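Given the coordinates of chain P, work out where chain X should sit on it, guided by the hints.
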Amino acid sequence: MAQTAERVVGTEVRRKEDPELITGQARYSDDLAAPGMLWMKLVLSPFAHARITSVDVSPALQVPGVVAAFGGRDLAGEWAGPLPTAWPVTDDLKNPPMYPLATDEVRFQGEGVAVVLAESRAAAEDGAEAVVAEYDPLPVVLDMEEALKDGADLVHADLGTNASYTWTLTNGDVDAVFATAPVVVKERYVVQRQIPAAMEPRALLAEYAPAMGEYTLTTSTQIPHIVRVVLAAFVLGIPESKLRVRAPNVGGGFGSKIRVSPEESLALVLARRTGRPVKWTGDRSSDVLTTHHARDQIQEIELAADEDGRIRGYRTRLIANMGAYLLLVGPGVPLLGAFLFCGPYGGEAYHFECTGVFTNTTPTDAYRGAGRPEATYAIERAIDALARRVGRDPVEIRRMNFLPESDGPIPSPGGLTVDSGHYNGTLDKALELVGYEELRAEQRARRERGDAKQIGIGFSTYIEMCGLAPSRVLGSLKYAAGGWDAARIRVLPTGKVTAFVGVSPHGQGHATTFSQILSDDLGIPVDDIEVVHGDTALAPLGMDTYGSRSLSVGGVAVHRAADRIVEKARKIAAHELEVSEDDLEYVRGRFSVKGAPDRARTIPEVAFSAWTAHNLPEGVEPELDASAVYDPENFVYPYGAHICAVEVDTETGQVDVLRYAAVDDVGTIINPQIVDGQVAGGVIQGIAEALFEEAVYDENGDLLTSSLTNYEVPAASDVPSIRIDKTVTPSTTNELGVKGVGETGTIASPPAVINAVVDALSHLGVTEMARPATPERVWRAIQQAKGGAA
Amino acid sequence: MHVSVTVNGTRREADVEPRTLLVYFLRETLGLTGTNVGCDTSTCGACTVHVDGQSVKSCTMLAAQADGREVTTIEGMASDGELHPLQRAFHEHHGLQCGYCTPGMIMASDSLIREAGHPLAEEEVRIGLEGNLCRCTGYQNIVKAVVAASQEMHGAPASA
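So the protein lines, in turn, are chains P and X.
The opening position of the first sequence corresponds to residue 1 in this note's numbering, with each subsequent residue numbered one higher.
The opening position of the second sequence corresponds to residue 1001 in this note's numbering, with each subsequent residue numbered one higher.
Next comes chain P alone, as it looks inside the complex (with noise of 0.2 Å):
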């Protein structure tokens, strides 16, 4: 019985993926090797900012075991242009070329200046040693609000500034709200640099055929089929057949793996130079330097409301640092957020504003969230200050600001046009997942007994837009590619499957999940499908995976690729059947003749008539085997309402998380067991963002948060169990339903703590309280809001 018996959409298989990773047999970049290969190693610049004055790199030539070694002008020959951005925010955007390695002068610290091959690791890692290179330093610019003030030092002289582009967005009349509105707040933010700390360090294997004039890079990226395009076309300058990119098993990436690398780029031309295969790993260390970093903005909101605090208009302002360069996606980044400083709730005018500056220092790009992370602790913080202010209960605040109820589209002050929302039954939940009435008792009690350890509970009632993207959208924000997705599906003629996908996982299940929708679209069991991903060979067609996309575009497609196989079995099933195919009825796989039930063909009985092709109808070709690109006419907009209860020690300023519940509509479900770890996941990773993880440079620009001992990555015992629960409202976008979770709780968590956090001291007065929410921080507040010393 090739049939399976019930839907597997919607229940909690157990991964495909684990059978490899549990046992040590998995391949991750770093893993392989190749014949006669040698090992990559990069000078990285001290320095933040600084004029190279030279670059020796003779004595590395005198290590045993060195090959070659390279500065940045001894290459500068071999680029067809500088690493590009894909997103260029606006016409006037300033973009100052980055190269591989540096020439001139360097901008940040860990820029790379030379390059040494060697036969063995330790080699490189000798070689690199005896590089010698000197600079002359210059003024290092570090402060975002200073760079841009008159006469300041500039990171990039040429350009005369150190603004790369000023963004604007406006919906309604919001000047006018503002005029007349009888209360505004106006609020000032700064969401600290991250550092994003995939565990696995980025790694790459560049392998070169010379008779053929062939690359292949195998490299541990979330976006094998960008990478290929961008390093071909605009890097080597190699015609794009001619590479091929491999994304093997990917240990993590939450957005930094987003890139188009100066390591990638030399190790293909270091191949073709030394005619032998290139490896290089980034070990942690310069891997807290040369991978991109995240966040830091400094956000003013204000919100116009009404007297009882019904808002009626938005107006931010951003300064959003770029780091020394654009990266690829970089300037885009802010505007992931741009349309959600409204969160869920209404009002008749929007105003968002924001300036990229160029700093000394790594420069920033995507992660986990990208943009909405900082869009929604902005307005859930703001929220929060004008319940304050208008004295309503911060459940009563949002409940009376939510959008209208709607399962199908409703437009947003932010110009967004939401495919469907409940948003008060995502807070119903929350209150009772998380035991509120009670938290509320406690923190009454600790507070009439004055204990010194106090309760305080925190709201994030968030939306957000994901499903990257319309590809139209995509154009109108001036995004240099598109935001479709492709699958092929094959059945094989033994009546397995193989399905080709062009979204590229690095640990969220997508085998698991896409083989499930198979497996209820075809009615092959899911031990029959094989998923084939992050290989432009094998999947030549995609477009990769961020902005928790891979299931609302690339499942999507791979639905609709099967809703064609389903197509054509059905002719072929009518014809062997000799009825109609209007007289076929078809229930997940098989195809039987209306009122007569046993006169039926299953896929695989198709599969393999298709394959012999002995007796086919007219017109139809062989092989059962079909293809779809889709491209969303809309994004999908996940929502939930996350409730965080803190302890806070008012002698220390430690912060315990005490509870914290998720509830997340995140549209159909195809596996909740995935769908809640990709939530745990998030939350801790944005309680994280809260309370530890900070990227600090000294007034150098040194980065001071160099590894993984100073920049708090936390641990299982820093950090909570959290409750976790769903509402389901279908996304109105695509024909499954399903939204994304891949960033909700990353989105979603950092205000809920620093609300909780503010909640907690509110009665000591404290409004304000600067993230990460550390015992220092936490301690200062108090004592300033005492009128003490701090």
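This list has only true hints and no planted wrong ones.
Straight line, CA to CA, 20 Å or less: simulated SDA-like cross-link-like pairs of lysine to any residue:
| no. | chain 1 | residue 1 | chain 2 | residue 2 |
| --- | --- | --- | --- | --- |
| 1 | P | LYS16 | X | PRO1085 |
| 2 | P | LYS16 | X | HIS1084 |
| 3 | P | LYS16 | X | GLY1081 |
| 4 | P | LYS16 | X | LEU1083 |
| 5 | P | LYS478 | P | LEU169 |
| 6 | P | LYS16 | X | GLU1092 |
Hint data in this document are derived by calculation from the structure and do not stem from the laboratory.
Since the model is a prediction, treat every value here as computed from it, not as a measurement.
What follows is chain X alone, placed relative to chain P:
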């Protein structure tokens, strides 16, 4: 220098540079790439293996120090085609996403459970694994998996 180490029950010998770390001896000399490297400060625990039955971060130990000793890596955890209870539990409870930290987590958890000698509570697991970092799972399902495996390994009723 010459080292002789029993790895996953088989004696392996090689000449290595004296500065070779155990993790690179395993990964690059022996080709046992299941043990991963996630930092260079002995913080992340991705490289955790067992040396004479105790968990060790193999980036903190020289191959030379393992001379004459017994090393177990993730590749040696399943026996006769049977997954180790921790491997089964990580799969069952979705205790992994990208899988990069997983070999180290499983090795550290195994010695934690064996050394405790009793089924572990959530808090014991969280404290016991504080030397192993995971960026994907938020630890929630890792903790569930290790608690469940500890119950199985110490004969307690397997209820999560």
